Structures are given as C-alpha cells and as structure tokens.
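Once you have looked at the hints, place chain C on chain W.
Protein chains: 2
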Amino acid sequence: MSAVLTVADLAAKARTASRRLALLSRADKDAALLAIADALDAASADVVAANAQDIERGRASGMVEGLVDRLTLTPERVAAVADAVRDIAALPDPVGEVVRGSTLANGLQIRQVRVPMGVVGMIYEARPNVTVDAAALGLKSGNAVILRGGSAAESTNRTLVTVMRDALTAQGLPADAIGLLDGGRDAVRALLTARGQVDLIIPRGGAGLIQTVVTESTVPVIETGVGNCHVYVDAAADLDKALAITLNAKTHRPSVCNAAESLLVHASLTQEFLPKVLAELSGAGVVLHTDPAAGSAAEAAGIPHVPATDEDWDTEYLALEIAVAVVPDLDGALDHIRAHSSGHTEAIVTEDRAAARRFTTEIDAAAVMVNASTRFTDGGEFGFGAEIGISTQKLHARGPMALPELTTTKWIVEGDGQIR
Amino acid sequence: MSAVLTVADLAAKARTASRRLALLSRADKDAALLAIADALDAASADVVAANAQDIERGRASGMVEGLVDRLTLTPERVAAVADAVRDIAALPDPVGEVVRGSTLANGLQIRQVRVPMGVVGMIYEARPNVTVDAAALGLKSGNAVILRGGSAAESTNRTLVTVMRDALTAQGLPADAIGLLDGGRDAVRALLTARGQVDLIIPRGGAGLIQTVVTESTVPVIETGVGNCHVYVDAAADLDKALAITLNAKTHRPSVCNAAESLLVHASLTQEFLPKVLAELSGAGVVLHTDPAAGSAAEAAGIPHVPATDEDWDTEYLALEIAVAVVPDLDGALDHIRAHSSGHTEAIVTEDRAAARRFTTEIDAAAVMVNASTRFTDGGEFGFGAEIGISTQKLHARGPMALPELTTTKWIVEGDGQIR
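Protein sequences, first through last, are from chains W and C.
Our numbering puts the first sequence at residues 1 to 420.
Our numbering puts the second sequence at residues 1 to 420.
Hint data in this document are derived by calculation from the structure and do not stem from the laboratory.
The model shown is predicted, which means the values in this text are computed figures rather than measured ones.
Treat the hints with care, as some may be off.
[To be verified] Derived DEER-like restraints, expressed as beta-carbon distance ranges: (1) C:Gln109 with W:Ala27: 31 to 41 Å; (2) W:Ser102 with C:Val98: 12 to 22 Å; (3) C:Ala319 with W:Asp331: 50 to 60 Å; (4) W:Ala339 with C:Val98: 21 to 31 Å; (5) C:Arg158 with W:Asp28: 54 to 64 Å; (6) C:Asp240 with W:Glu216: 44 to 54 Å; (7) W:Ala42 with C:Ala8: 54 to 64 Å.
Beta carbons are placed, not taken as given, at the ideal position from N, Cα and C, and that holds for glycine.
Next comes chain W alone, as it looks inside the complex:
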C-alpha cells in the first residue's frame, strides 16, 4: 500500500514537472544538460565512493567479475558518462518538428507536431550509466523520467540522481523531472499499472525482466533488446566476407543483443567453407552447438563441438557460444529464421541479388542486413547520436530508438470558424 502511494506520488510529481519540460526551449534544455554534465564531473569522487559501496556489497554476495565490471564506475567512466550528456545536448531537439501538414479544402490548416510523451518509466539492470543516459534523453525530449535501476547499483544510482536533481534545481527547473523509484517488487508493480499517470515504460535487460514487464504492465510498453540474431551464409556468398561477418557478429562483443547467436550455412558450403568458419570460431574461443550436418563437418576436421539441443536454436547465449545448422537452401534458412527469430536482426551473406531481395523482403525483423555484421543495429552506428534501447516490437518504434522515439505527436488545427 505504501509502495502504491509512493509511486502515485512520484508519478504525480513527474507529471507536474513534465508540463514545465514540455514548454522549455531547446536552449533551456541544453543549458540544463550541460549543467548536469558539469555537476557529474564535479561530483565524480562522490559517485565513485557510492559505487565502491555497491561493488563491495556485490562482491560480498558473490557477484561474478563480469557483472562487477559492468557495475564499476571509475573517475574516467564518470567523465565519459558526463561527456555523453554533452553529446545529447548537441543533438537536435525532436520536440516541435512538424511531421506533416496541409491546408484542407475548407481552409483549415492542420499540422502534426512532435510533442513529448510526458512521463516515461525506465526499468533496467546493472549498468549505472543508463541512469544518466535515460535522464538526459528524457530531458532533451521534454519528458519527465521515473528510473528503476538494478538493486546492485542502488547507492550509485541514488547519488547520480541526487546530483542531477540538484543541477536541475540550480537551473530553476523542477527536480522531479528525474525521479528514482525505491521499494521492492510492489513498487515496480505499482509503476507498471500506473496507467494514465505514466505514459510509457521501457524495460531494458534480460528476457525475464522484459517478459515480466510486458505481462504485468497496463501502461504501454516498448519491448527491447532480446536478440536471437542469425547469420545465413548463402550458396552465392563471397566467402571471405562471410567469414569476416560471422566472426565479427559473434565475437566482437558477445554480451550484447545484436551479437549473432546462430549461424546457418547453405548445404553447398559444407566441404570447404563450413570447416573453415567452424575452425576460426573455435579458435576464437567460441563453443559450437552443431546440428548433425555441421557436427559431421566439425568432427571430420577435428574441431571441438557439442550437439545442439532444441533449446539452442532459441537461446540468446550473450557469450562465446553459437548454434550452427546446415540448411538445404534459402527457403530452409527463411523457415529456420521464421521459427526462431526474436525479431531483432537477421543477416544474409550473398552476392545473389534475388536471394538478397527475398531475404530482406520476407524476413520479419527490426533490421535485416545484407553483407554486413549484425553488430550494426545500433543507434550510434545508424547515426542517431544516442540510443535508449533497441525495440523488438512493431508498435511505435522498431529497431534502435533515439530521441524522436521518445516523443508522440499532436494535431494542431487552425481555422477561422469552420463547422461541419
């Protein structure tokens, strides 16, 4: 009950703040962002000290070193977080953009204008830099944010939010533009059901978090981030490109959602290309989960491998592991991907125009790549200058989301007395 009250209170304050934010000029918002960046730099030692508490608590409870690294903020990392805020200040303001418009036959002038969403809830896991990114992207797009970070980063997040709120106050802006949600699961549930008070919830994290949010929320949600990405090497592939793309997609940064999790190889390539790519993957430390045909090729070449289970085709390893299958033809690849795609990013390597055209047309995913690594599905790579997450749903936003995706639109209709 108290959690519900807390969330209602937090949401009401955020709503009030959001009305101020919606009216701010770009200059005012950018000044506030630069003030936040400076404040983060000035508070670097406090942030690192708070972060040290989280790390100590994490280590004491047996947190693995990979997670400890994601959680850790050094003075250099704090400086990078502050610089990211300055980068956001430099981006164009999405608010006020006229998306379309016309003058109707009766003289009414109509235009569809970008406006802030209002109050945006972010629910995310470890990395504390998301706390600052989300607040800064929210502010730039005129939205108040309610942040719910992982409990592992609790002290860090609290310090970061305090620093940012104080900077807003010093700028004469409402501190409630940036809210931090405390409390247990009840508080999260209250946030997810604050329909009408909260306009949008963006979950960022593992499949379990996303699933919970999607199932429990009555507030509109943008689903992000689960990526079971495939690379399909077609019969007509340039095999050098295929090798480079497969290795890059799998090994460049295995822990992220746009890394490849499955490799599909055309049956005509089992003799030469398949052993070669399996050897290179294995040499890079990648565990190979093979179907019978790929297993035979690995076996013949003396490459370590394990038989793929049914689950492997649907697994987002986020690690140096890959599922490998041989497919009879392009249709086999399309069928396999349709059955197992998470709708994030799917890639084909081919020099055959017809195959590329069918693949890009028939595959239903946020991004479809021809002769490029799956790793390019990214707001930064696409030139957006920022990213709040990668949507894998079809409603509102699909693929990398940046500032415009944090806005909605409003129709403004101006007349001189028109009636129907």
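Chain C alone, transformed into the frame defined by chain W:
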C-alpha cells in the same frame, strides 16, 4: 480450452496468410479489393437477409431503435459499404514507403521501410460496416485481420466475412487473410493474450470495451475513441464563430467521439454570450448540466437546466446533453481541461494569438483546435481517405488512424562486407 485452441488455430492461419499478403503488389491487392466490392454487391440480398435475422433477434430482445438503425443494412447501405472498399483500393499503398534512409560513413546503405504489422485483431461493437472496412484496410496494408464484431450483428458479420473470403479464394489469395472470431468471452480473452501470434489489437467501442481490452491484453493495443471533448470560449472570441462552433460541435452528430461534451465560457462572457449560447443549445434540444455561474445565467434567462454533478465533467454523453462551466480565465480553462480531458480533441475559440498559442502548446490531446469545430478530428476530414479509428493514446498513433498506422517499419541495411 476449445476457445483457446480455436484462437490459436485462427491466429496461425492468419499468420500464414499474412506472409502471402506482405509480398503482394499494390496491383494484386487492389484487384482483390475490387473483387470483394463486386462480390458484396452481388451478395447484397444475402447480406440483407442475414441482417434481417439480426434485427429480428435484436427487436425481440428489446434493442432500442437507435441501435437497430446502426445495425440495419439496406441494399443502399450494402452498396455504400462496397463503394467504400473501392475507395480504399484507390488509396496509395503504404507498404514499401521509405520513411528515411542514408549512407553511413562506412558505406552501409540503410533505409527504414514501411511493412505490414502482420496479424491485426479488431474488436468492435454494433455497426456491421466496420467488418468490411477493417478487412479492406487490413488487406490494403498487407495485414491479415481477425475480426470480433458485436454479437448483435452475428449473422450479418458471418455472411459478410464469407462473401469476402470467397472473393479472396476466387482471386487465388488466402481466405485466412480475413478471419472471424466466434465464441464467448473466453475466445476474446484468448485473442487478447495471443502475444507473438497477434501483432496488434484495436478495440473500437464504448469505454467499457476499451477498458477491458487495455487491462486484459498482453498483445500491444491501440486505444481508440473515448472523447470527452471541450469547447472553450475565450474572452477574445469572435462570438458568432463561438456560437456556430459550439452548436456544431454538440449537435451535428452527438453520438460520435468527436462531439463536444463540455462547454467552458470565460467569466467576461456571462452577461451576453452565455445566455445566448445556452438558449440556442436548449432550443436545439440539448440538456444543460450547469455549474453555479452558468446555472444563474440560465435561471435569469428562463432556460431549462440541471445542476452539474462531479460526474458530469467526466461524462461522454454521446447524446444531446452538455456540461457547462464558467471559468475565470484561460488558466482556469486549461486547468479544467487537464483535469477532465480524455486526450481526444479540445477546442478554443479566440482571436487572441497569445491565448491560441498557449492553448495549442499546453493542452495534451490528440487534436487541438483553434476556431474550428471538434467534429473535424476525423480521418476523412483530414484527407486520409479512410479511418480505422481515432487513437487517444500516445504510442504509435495519435488521432485519426488510416493505412500508414496499420504498418510498422523495418530497417534494411545493405553492405559489401562491413564489420565493426
């Protein structure tokens, strides 16, 4: 359990059909739409006969005449429904539109392309023309639809769907592009939770239906249609325009969502304008629910009125009734609207640029009108050529929705071996 199986089966068939639809050319889709229109014309007598059964059943169960009229299909109305399908055939195809794109520094060519949603569920009430409209808009935008009409129109809807499915089959297209959901509430619940099988659900109907869908659905929903629209007559209004707009907004078609439900009048207008507008409204048969100040004005002029209750300010009458309040100033109007708006359409009547600018900027609604009737928030009026509903939510679509709103996008990335 059997309902669940039915929905899963229906959704699976719709998914298979949607894959065919997504690849159809505009020419193929338009030919199918024209064939459907011709088939509806040819089956007019069957449709009218099926409709007569629904009407008989309705009358026997005491259906009010207004609803009977909405339910009724005459030969002329069937012809109009068929013509509406021809109009949809004449609209541009949204699928394939390149929304944006660029060539990145590394040579990757990226473009964001409009693609169909996939499978769209429509849940709606009485009017059987929605059955045909939704199917036609779905087909034009490359989507398979699962239709759930009101039980009052059951025979009519079944006949309409059979006619349309047969027309698709005759065109060599999958009949499962148009599915009709039978069964009770369990079937609806199964549809609402068919996440992953159904891509989008659009409810069209009263507040109760919308609320149920929004609360129970795990499939993404676009909320439509509840309109508690306000007309605010400012101190600087042209009073002739104000009178015409108020009367039009309230009385032109009171049963629809863009009709006005509340009138707010600036305190400076209580002497002359207020009695005049109240008299005209009352003369047009409108019941006046007045706040104390408006009540005094009505009383003094001998105009019938009833005191407004707290509920009146939030009531969508959809009838010849209106709530009337006197506000001290523009801020009072903004506060009142913020407290009671359903986010559909809000209008100001004023010749004051500053007041108009504040109103259009500060009011958070799908459409904000200056010196125009609220009745203009409509896909047809906006020149979209069709309308599947009016979204009152902020995600994906806001305001009148037509063909583009039934699509999502996909990023197509073409390279020649790029890696990160």
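Against the structure, the hints come out as follows:
Here the CB-CB span from glutamine 109 of chain C to alanine 27 of chain W is close to 35 Å, well matched to the stated 31 to 41 Å. Distance hint for serine 102 of chain W and valine 98 of chain C: a CB-CB separation of about 21 Å, consistent with the stated range 12 to 22 Å. The hinted window of 50 to 60 Å between alanine 319 of chain C and aspartate 331 of chain W holds, with their beta carbons roughly 58 Å apart. For the pair alanine 339 of chain W and valine 98 of chain C, the supplied restraint of 21 to 31 Å holds, since their beta-carbon distance comes to about 29 Å.
At roughly 59 Å, the beta carbons of arginine 158 of chain C and aspartate 28 of chain W sit within the given window of 54 to 64 Å. Take aspartate 240 of chain C and glutamate 216 of chain W: their Cβ atoms lie about 53 Å apart, and the range 44 to 54 Å holds. Taking 54 to 64 Å as the suggested C-beta distance range, the pair alanine 42 of chain W and alanine 8 of chain C conforms, at roughly 58 Å.
Violated hints: none; the structure is consistent with every hint.
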